[in-house]
Amino acid sequence: MNIISLDPGTYHCGYAVFVDGKLIFAGEWEIKERIDTRLTHILNSFGALLIQYKPCEIACERAFSTPKKKVPELETLIRGARGMARRYKQRFFLYSPRAIFGRWNGKREVARLAEQQQQILRFARNDSFSEHAIDAVLVGQYHLRKMEVIKGEGD
268 MNIISLDPGT YHCGYAVFVD GKLIFAGEWE IKERIDTRLT HILNSFGALL
318 IQYKPCEIAC ERAFSTPKKK VPELETLIRG ARGMARRYKQ RFFLYSPRAI
368 FGRWNGKREV ARLAEQQQQI LRFARNDSFS EHAIDAVLVG QYHLRKMEVI
418 KGEGD
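Numbering (our numbering), first residue to last: 268 to 422.
Hints may be right or wrong, so weigh each one.
Under the rule of at most 27 angstroms between Cα atoms (straight-line distance), these lysine-lysine pairs were calculated in the DSS-like manner [unchecked claim]:
(1) Lys299 x Lys413
(2) Lys289 x Lys321
(3) Lys356 x Lys289
(4) Lys356 x Lys299
(5) Lys356 x Lys413
(6) Lys413 x Lys289
Restraint ranges, calculated between C-beta atoms of paired labels, are given here [said to hold, decoys possible]:
(7) Ser312 x Glu342: 28 to 36 angstroms
(8) Glu415 x Ile302: 31 to 39 angstroms
(9) Arg365 x Met414: 33 to 41 angstroms
(10) Pro339 x Lys289: 34 to 42 angstroms
Because the hints were derived from the structure by calculation, they are not lab data.
Model, not experiment: these values are computed from the prediction.
Cβ coordinates follow ideal geometry from the N, Cα and C atoms, glycine included.
All chains, full assembly: derive it from the sequences and hints.
This is the structure:
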């Protein structure tokens, strides 16, 4: 089963592709043009991944916002990705950053995430692997763990 995971952003958008639970590659789209052009470019690039890898599921990190800090462009990007997934008949999962990365309430969680990021960097074999790509990989890993738990409950 193929899965694409996203770490949405308006300047940098991380993505990762998993095939049969294994990370195949990850990267980031970095666009420095006007916001409408950026969103269009990211969605077109996302559409190309959908066509190429034909994933069954899309896992996406929910946009971080607070009542004082809304980011409507991120919401637009997520709605666009969800619409594309629906068009290609793929399941779309949206996860909160807190669910994926934990509550950050202790050194243990920070150490666990640091170790996961080091594992991902070893996979990439270079230090230019962006934090957005790493976040997309972590979103995908969280999704895979969550689906494994659900599958185990169904047995």
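Status of each hint after checking the structure:
1. In summary, the hint linking Lys299 to Lys413 is not supported, as the alpha carbons are separated by about 34 angstroms, beyond the 27 angstroms threshold.
2. With a CA separation close to 15 angstroms, the supplied pair Lys289 and Lys321 stays within the 27 angstroms bound.
3. Proposed proximity of Lys356 and Lys289 is supported: the alpha carbons are some 22 angstroms apart, at most 27 angstroms.
4. Simply put, Lys356 and Lys299 have alpha-carbon atoms about 31 angstroms apart, too far for the 27 angstroms limit, and the pair is violated.
5. Our distance criterion of 27 angstroms between C-alpha atoms is met by Lys356 and Lys413, whose separation comes to about 21 angstroms.
6. Taking the CA atoms of Lys413 and Lys289, the gap is near 15 angstroms; set against the 27 angstroms cutoff, the hint holds.
7. Range check, Ser312 to Glu342: Cβ separation about 19 angstroms, and the 28 to 36 angstroms hint is violated.
8. About 37 angstroms separates the C-beta atoms of Glu415 and Ile302, a value consistent with the hinted range of 31 to 39 angstroms.
9. Between Arg365 and Met414 the C-beta distance comes to about 19 angstroms, which lies outside the given range of 33 to 41 angstroms.
10. Distance hint check for Pro339 and Lys289: the Cβ-Cβ separation is about 36 angstroms, which falls inside the suggested range of 34 to 42 angstroms.
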